[in-house]
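Participant: First to last, the sequence lines map onto chains F and P. So in our numbering, spot 75 of the first sequence is number 85, and the numbers just go up one at a time. So in our numbering, spot 6 of the second sequence is number 42, and the numbers just go up one at a time.
Hints in this document: simulated from the structure, not taken from any laboratory. Where a beta carbon is used, it is the ideal one built from N, C-alpha and C, also for glycine. A portion of the hints provided could be inaccurate.
Claimed, not checked - Chain F residues, not near chain P, derived (Cβ > 12 angstroms throughout):
{"#": "1", "residue": "ALA290"}
{"#": "2", "residue": "GLU366"}
{"#": "3", "residue": "LEU378"}
{"#": "4", "residue": "CYS404"}
{"#": "5", "residue": "GLU405"}
{"#": "6", "residue": "LEU415"}
{"#": "7", "residue": "ILE458"}
Claimed, not checked - Examples of chain P residues toward chain F, derived with CB under 8 angstroms:
{"#": "8", "residue": "ARG107"}
{"#": "9", "residue": "GLY108"}
{"#": "10", "residue": "VAL109"}
{"#": "11", "residue": "ARG119"}
{"#": "12", "residue": "LEU137"}
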Amino acid sequence: MMKSNPVRRALSTLALMAIPLALLGFLFLMQNQFRDIRELRELVDESVSTRAQLTDLLVEHLNIETGQRGFVLTGRREFLEPYVVGRSRIDETMQQLAGHREPRLAPGIERLRQLSRQKSAFVDETIRFAQDGDFATAREMVAQGRGKRLMDAMRLQVEQLDRTERAHLKLATGSRDHSRDRLEVTTYLLLAAFALLLALVAIVTARAVRERQREFVRANELGERQKAILNGTVDGLLLLDQDGYIREVNPSIVRLFGYDEEFLIGKHNTFLMADPPALADSLAWLRGVGSAGRRGAGRRMEFTGLRQDGATFETDVAISRIAPGASGYVAIIRDVTERKRIEGLKTEFVSTVSHELRTPLTSIGGALGLLSSGAVGQLGDKASRLVQIAHSNCERLIRLINDILDIEKIQSGKMHFDMRRLRIAPLIERVTAANAQFAATHDVTLAITHPAWPLVVDGDADRLEQLVTNLVSNAIKHSPRGGTVELVASQHGQNVRIDVCDRGAGIPHAFRSRIFGKFAMADGSDNRARGGTGLGLSIAREIAQRHGGSITFADRPGGGTTFSVDLPLICEAASGQPAQPDLPAVLHVDDDQDCLDVVATAFEGAARIISVGTLDEARAALGQHTFAAAIIDVGIAPHSGLDLVPDLRAAAPGLKVLLFTALDEPHADGKVDAVLVKSRSSVEDLVRLTLRMAGESKKDAA
Amino acid sequence: MIRVLYVDDEPDIREIAELSLSLDPGFDVHTAASGEEALAVVAEWQPDVVLLDVMMPVMDGPAVLAELRSRGVNTPVVFVTARAQRSEMQSFATLDAKGVLAKPFDPVTLAAQVRALL
């Protein structure tokens, strides 16, 4: 159906164009016909008048003959009257006849004129004789019959002309008849075509109309269906215009909020909130909302709804643009009072369970702890062993409860994270100290490596310690006796990375995909013997994710596994820490942001470092600070850092310039005070050298 | 001798705690089974520190602390709780308590932990 649409449209257009064309043709033909008829009419008129004139001429000649004969025979003058009348008209009639110059008539008329003149002359002559009293000659002339012969010749001539005219008329009429017949046929044909075209147009139009009707019905059905969906849904639904005013609501909104539909239309959406934000804030928030996609709603939020009766309830809202780039929004509001209530019950339940389980465990664990410690008297070997088993399993049960509570809290978002600026090195040192005893019982050594400069993250110290502890205790448990577990902190791009490496048996392939799952243990019996709960990595991953980080693992070359935690690095110098005027100011110019970050972090606490990415920014900074030293890179696209040296010298005479570059031979030619090549010198070297030279700069200045 | 009063409604835990604390020869340990009893013992015996269970019927730990303070008793108080959730622990800190110990406690090191808080 859809495919034939363009064809049908073209067809109907053609038909519509053909109709006026056909009408034009018809008009042209009709006009021709009318002209023909007019011509025929004129022809007939002319022919009739010619024939009338011919008849007139004959009658007039008969009149003058009658007058001639009466006068000649009787001699009475009153008989001359018809002659006088006829004679006066003959010339006039003849003149009219001579006006017809048609070639078919001209010779006949010429002949007739001669005959008429001869006849007139003959009659005139006889009349003259008679008038002169010579009636005998006149009678003699009449009796000779010349007049009669002339008259016969004229009659003959008139008849001939009449015949010619009649034949001509017949011919003309015949040809007109023929053309009229043709016109008739053409007219019928045209009419038929016209009717056909009209029928075609009618059919096409009817089809289009039917199609449109069907589409209309379909659209109507769709609308009805959507309305049914919207009306039937338990969630409240608002259609908002681009400024957040309510355009449409579904019955659930009326049920949820208690307002009439008519009342709500035109109100701003914040009207429904118990604690509405400022209109401008709400609008700004709305502008940031995208359209719903595969990943769900454009934006989600929670607010406390305000009912008409003043009661409040908790809601969960998913809001999206009606279409990408469209100006309206659709908001789906869910009453989450029940969910919140259940969450509250669950929290209460978890809390109660934890208390109820921990209370007896306090007694059991306490009793077993006292027994196994020997504080309340020595036990026999077998009894001591049994008490030890009971005690370690009791402790495991306590850990299990703690882990379950932890994971429940993290996943429900209930766990509070006390985020502060932290340094990683002291954190991993605390973890190692706390696990030293545990490592010793497994005959495992703990080794720490971290850079000299501080790695800073935003995090909850207790939770991050918990995370690293989980990894370290796993590593200890899986290490061979006499093995070493290494903790390595380093910078990894924009992250701080903590690696925990063991020389254990590695992670079985079948287990890798679910290693972070809850109660995940590679081999139940084996690992339970090691005292794990199967929740440690799951908790570790949750903690890492809540810090905006991640946790991964990889096989170690030479056997064993490395677990890596990545946490976003905080660059304190770049984030505008309060100035510490007693520290030397150091300018660092480099177009590599990573390098700027690393160096800034390395100098933290030792110098006030100003990091810039271009020479222009560097020159601007020279006007604002008094620097003791400057660290510059050679290749600062599109310039060379060496271009900056004269500016630096001019700004502060005692300022020390250090080149920190990736180029092996920067050709500084004594323009700078020191050159460090990035691949050969560590950042610690740079810090040490810079601080020493900054100190000299201070002495120079003094 | 440091006089320590341990208050808990669970008799087993009272017994274990008393044993554990008594491992420290410098501790003189008494126990009480309820908030009301604790108030009476504090008035009569005047301990140097009170270890208070949080969850007790009738009068819970924080209520005992509040009552002590309202009577003008400034004896240091350490809470002991099985609801070892940090948010709660932090809220205890604001209640003029010396500290919070989590249940289950380690019986061998309990006395040392109390000493560390004093």
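Participant: I'd like to know which numbered hints this structure contradicts. Please list them from smallest to largest.
Facilitator: Going through the list in order, the structure violates hints 2, 3, 4, 5, 6, 8, 9, 10 and 12 and respects the others.
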